[in-house]
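Number of protein chains: 2
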Amino acid sequence: MTQDSLPQIPGIRLASVPARIKDWQRDDLLLIELNEGAIVSATFTQNTFCAPPVTVAKEHIAGGNIRALLANAGNANAATGERGLRDARACCAAAADALNIAEQQVLPFSTGVIGEHLPLEKILQAIPTAATHLDGSGWDAAAHTIMTTDTRPKTATRSVEIAGEQIRIAGIAKGAGMIQPNMATMLAYVATDAAIAGPLLDELVKEAVQASFNRISVDGDTSTNDACVLIASGATGPQLGDPRSPEYEHLKAAITEVHIELAQAIVRDGEGATKFVTVQVRGAASSEEALKVAFEVGESPLVKTALYASDPNWGRLVMAIGNAGVEGLETEKVNIYLDDVQVVEAGGRALDYTEEAGEQVFSRAEFAITVDLGRGDCSEHIWTCDFSHEYVTINAEYRT
Amino acid sequence: MTQDSLPQIPGIRLASVPARIKDWQRDDLLLIELNEGAIVSATFTQNTFCAPPVTVAKEHIAGGNIRALLANAGNANAATGERGLRDARACCAAAADALNIAEQQVLPFSTGVIGEHLPLEKILQAIPTAATHLDGSGWDAAAHTIMTTDTRPKTATRSVEIAGEQIRIAGIAKGAGMIQPNMATMLAYVATDAAIAGPLLDELVKEAVQASFNRISVDGDTSTNDACVLIASGATGPQLGDPRSPEYEHLKAAITEVHIELAQAIVRDGEGATKFVTVQVRGAASSEEALKVAFEVGESPLVKTALYASDPNWGRLVMAIGNAGVEGLETEKVNIYLDDVQVVEAGGRALDYTEEAGEQVFSRAEFAITVDLGRGDCSEHIWTCDFSHEYVTINAEYRT
Numbered sequence: 049m050t051q052d053s054l055p056q057i058p059g060i061r062l063a064s065v066p067a068r069i070k071d072w073q074r075d076d077l078l079l080i081e082l083n084e085g086a087i088v089s090a091t092f093t094q095n096t097f098c099a100p101p102v103t104v105a106k107e108h109i110a111g112g113n114i115r116a117l118l119a120n121a122g123n124a125n126a127a128t129g130e131r132g133l134r135d136a137r138a139c140c141a142a143a144a145d146a147l148n149i150a151e152q153q154v155l156p157f158s159t160g161v162i163g164e165h166l167p168l169e170k171i172l173q174a175i176p177t178a179a180t181h182l183d184g185s186g187w188d189a190a191a192h193t194i195m196t197t198d199t200r201p202k203t204a205t206r207s208v209e210i211a212g213e214q215i216r217i218a219g220i221a222k223g224a225g226m227i228q229p230n231m232a233t234m235l236a237y238v239a240t241d242a243a244i245a246g247p248l249l250d251e252l253v254k255e256a257v258q259a260s261f262n263r264i265s266v267d268g269d270t271s272t273n274d275a276c277v278l279i280a281s282g283a284t285g286p287q288l289g290d291p292r293s294p295e296y297e298h299l300k301a302a303i304t305e306v307h308i309e310l311a312q313a314i315v316r317d318g319e320g321a322t323k324f325v326t327v328q329v330r331g332a333a334s335s336e337e338a339l340k341v342a343f344e345v346g347e348s349p350l351v352k353t354a355l356y357a358s359d360p361n362w363g364r365l366v367m368a369i370g371n372a373g374v375e376g377l378e379t380e381k382v383n384i385y386l387d388d389v390q391v392v393e394a395g396g397r398a399l400d401y402t403e404e405a406g407e408q409v410f411s412r413a414e415f416a417i418t419v420d421l422g423r424g425d426c427s428e429h430i431w432t433c434d435f436s437h438e439y440v441t442i443n444a445e446y447r448t
Numbered sequence: 049m050t051q052d053s054l055p056q057i058p059g060i061r062l063a064s065v066p067a068r069i070k071d072w073q074r075d076d077l078l079l080i081e082l083n084e085g086a087i088v089s090a091t092f093t094q095n096t097f098c099a100p101p102v103t104v105a106k107e108h109i110a111g112g113n114i115r116a117l118l119a120n121a122g123n124a125n126a127a128t129g130e131r132g133l134r135d136a137r138a139c140c141a142a143a144a145d146a147l148n149i150a151e152q153q154v155l156p157f158s159t160g161v162i163g164e165h166l167p168l169e170k171i172l173q174a175i176p177t178a179a180t181h182l183d184g185s186g187w188d189a190a191a192h193t194i195m196t197t198d199t200r201p202k203t204a205t206r207s208v209e210i211a212g213e214q215i216r217i218a219g220i221a222k223g224a225g226m227i228q229p230n231m232a233t234m235l236a237y238v239a240t241d242a243a244i245a246g247p248l249l250d251e252l253v254k255e256a257v258q259a260s261f262n263r264i265s266v267d268g269d270t271s272t273n274d275a276c277v278l279i280a281s282g283a284t285g286p287q288l289g290d291p292r293s294p295e296y297e298h299l300k301a302a303i304t305e306v307h308i309e310l311a312q313a314i315v316r317d318g319e320g321a322t323k324f325v326t327v328q329v330r331g332a333a334s335s336e337e338a339l340k341v342a343f344e345v346g347e348s349p350l351v352k353t354a355l356y357a358s359d360p361n362w363g364r365l366v367m368a369i370g371n372a373g374v375e376g377l378e379t380e381k382v383n384i385y386l387d388d389v390q391v392v393e394a395g396g397r398a399l400d401y402t403e404e405a406g407e408q409v410f411s412r413a414e415f416a417i418t419v420d421l422g423r424g425d426c427s428e429h430i431w432t433c434d435f436s437h438e439y440v441t442i443n444a445e446y447r448t
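Protein chains in written order, with the working numbering: chain E, 49 to 448; chain B, 49 to 448.
Hint data in this document are derived by calculation from the structure and do not stem from the laboratory.
Careful, some of the hints might be misleading.
As the list makes no split between identical chains, a pair holds if one copy fits it or if it spans any two.
Listed below are the simulated DSBU-like cross-link pairs for lysine-lysine, each with C-alpha atoms no more than 35 Å apart in a straight line [claimed, not checked]:
no., residue 1, residue 2
1, K381, K170
2, K170, K300
3, K300, K106
4, K106, K340
5, K300, K340
6, K106, K381
7, K340, K254
8, K170, K70
9, K381, K340
10, K70, K381
11, K300, K254
12, K170, K340
13, K170, K106
14, K70, K300
15, K381, K300
16, K254, K70
If you're wondering where the values come from, they're calculated on a predicted model, not measured in any experiment.
Build out the structure end to end from the sequences listed, making use of the hints.
This is the structure in structure tokens:
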């Protein structure tokens, strides 16, 4: 094993074990144990067909005093009805037994195929083993354990000094397809040893998700299962309770950076993705309008296939902007740039634009499409990827 | 040339000629001449970046008394600014000259690549030739002329007897990608020799489009250019002005059927499509809700790649339903059927469902996915196709 990229977070121990949920050799079950007094906040999928583990996790987190997280890959325990709920609760009960805590102190997570029942016995057998392997250094292994169609683990870390003490932040995430705003097939766990008051942590996870995971798109679908969890173990430093204190602002910025780095890693690892593209919309009348236009551009299959082909087909950008339904848009005020090459000026092809200049930008592995709507002062940006043959292959063959 | 599939419509003459708008040999310019007294109604793209010919067509149709339609393939004259507007007007003026009518009596249409200026000289040279080749039998040729990425022409016809007279309906359409509700890259011209009062015809085109072109999806994108035009030449039969008369209802049903057949032909010819799938949603609390769910299912890239793979991955259906944001959806009341095979019962896998039975349905070239939401009496349906490797190839290479 290579050197761990993520630091230990005092108060938190992890274990990855193979429960053999699918016919594979890898670790697929992750147990995370939190110290007493740790505070946990989370955001969950907006999909109304949310999976039983999400239902249970929401119920348990509302009770507070969470002491463990249990996540499995390979099976989403979604669309599994009453039995799925019983299975999720049984997993929590087993983890609680092994850790000598209450069932309601465990948050369950599942990711993988939808519509199949969990191989419950396998998971129940693996949990006690996991409980005996808990270790503070398990973050990098954990990032591997939760992977599904991901081609690589996703990790991010920062550290900040608060009141003379070094505070650490470690984050892991999984997700490569079905990624869309509102917490699509994605699990993310970010932890810090700072002490943050519960209400403040609730705000922080929402703001960090809004700035990160809600700004990415791989294919526009949103899953049944996903969650972003933020943990403050409170093992180090003073309790932070004032949202306007410089210490908190400093920590918040670092935690948000971890979220953004993880979100970008998901786009970079988008199913079949060969390009990482920032869509920036400025000159909008409102933030909502800017985001709407950015997502229309970033999610259009025609734009995404043009990105794949390295074809600066800016007509498709214009088409996508027009689809955002911006009331009263004056097309003759719209300018578009590919990195620093202006391609559209006043709603038409820029006079000195050349196809060669556009192709040069579109051939880059990373670039920005900037749309100026010329009607206000608001800007927003999202991150997207291209739509390739490989995407179709992955998703046409996922279950087989 | 094979036998024409479409009848002549008294009062209407057509001509297709090669203007060589692209480097190709085929006819690419269509001129349609209407008799005096013909009534024309149309619906246009909702894309706010609508193309100059759309702007001009809307302006001219508002003035009434339309006598000609001019359509070119190969170039959409979209995102072409002021010059695009001048070009569209110049095309109208040339057609008006050739037919000895006013410029405002001509409706212009363009379809093809976005963002390039029309090769105006070529079109202006071809128009007089077209005017000398007008003929009542030109419908089948016209269906070829307006094609872009279409692999085959799209035509439909019906005839009905009204007051002892035979009334004919002929329809042609083009479109294979960028197809979505609200008139996506699509041109459709439907004509009848019946006499229909203007206000009634305006209603009729809206209702017919709502029942047909607004219920199809190929890739969820909506184009800058598209239009559906309904022409009543009035050459045959009595004037129909009462929407409740049996004669009108009879004619309306036949005209709507022509629209539906054309819309379905577009889905069948969807870029790279190998399957034609009806998504039916019933048990909805409202029509809007039913349509929303149907489009979430029919437009999900994950569902569409599963269709392509003939993989009855019903978890993706459930995911897509959950994404429709149906407030208060009780997932335990949801049932799903693949043709007559029940796959989901009460929100989970149906007890007697087998993967083999599901695969058998998904292997069909045509089948229906029926979702029962179990919360009301409303039903709606849409038509969609699968998302294939070929789709990516076509759209990654369109301009080259």
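Results of checking the hints against the structure:
no. : hint           : verdict
1   : K381 with K170 : between (61 Å within a copy, 30 Å between copies)
2   : K170 with K300 : neither (39 Å within a copy, 62 Å between copies)
3   : K300 with K106 : within (24 Å within a copy, 53 Å between copies)
4   : K106 with K340 : both (29 Å within a copy, 27 Å between copies)
5   : K300 with K340 : within (26 Å within a copy, 38 Å between copies)
6   : K106 with K381 : between (46 Å within a copy, 22 Å between copies)
7   : K340 with K254 : both (19 Å within a copy, 27 Å between copies)
8   : K170 with K70  : within (10 Å within a copy, 63 Å between copies)
9   : K381 with K340 : both (18 Å within a copy, 33 Å between copies)
10  : K70 with K381  : between (54 Å within a copy, 30 Å between copies)
11  : K300 with K254 : within (12 Å within a copy, 53 Å between copies)
12  : K170 with K340 : neither (44 Å within a copy, 39 Å between copies)
13  : K170 with K106 : within (25 Å within a copy, 66 Å between copies)
14  : K70 with K300  : neither (38 Å within a copy, 56 Å between copies)
15  : K381 with K300 : neither (37 Å within a copy, 42 Å between copies)
16  : K254 with K70  : within (33 Å within a copy, 52 Å between copies)
When held up to the earlier numbered hints, the structure conflicts with 2, 12, 14, 15 and fits the remainder.
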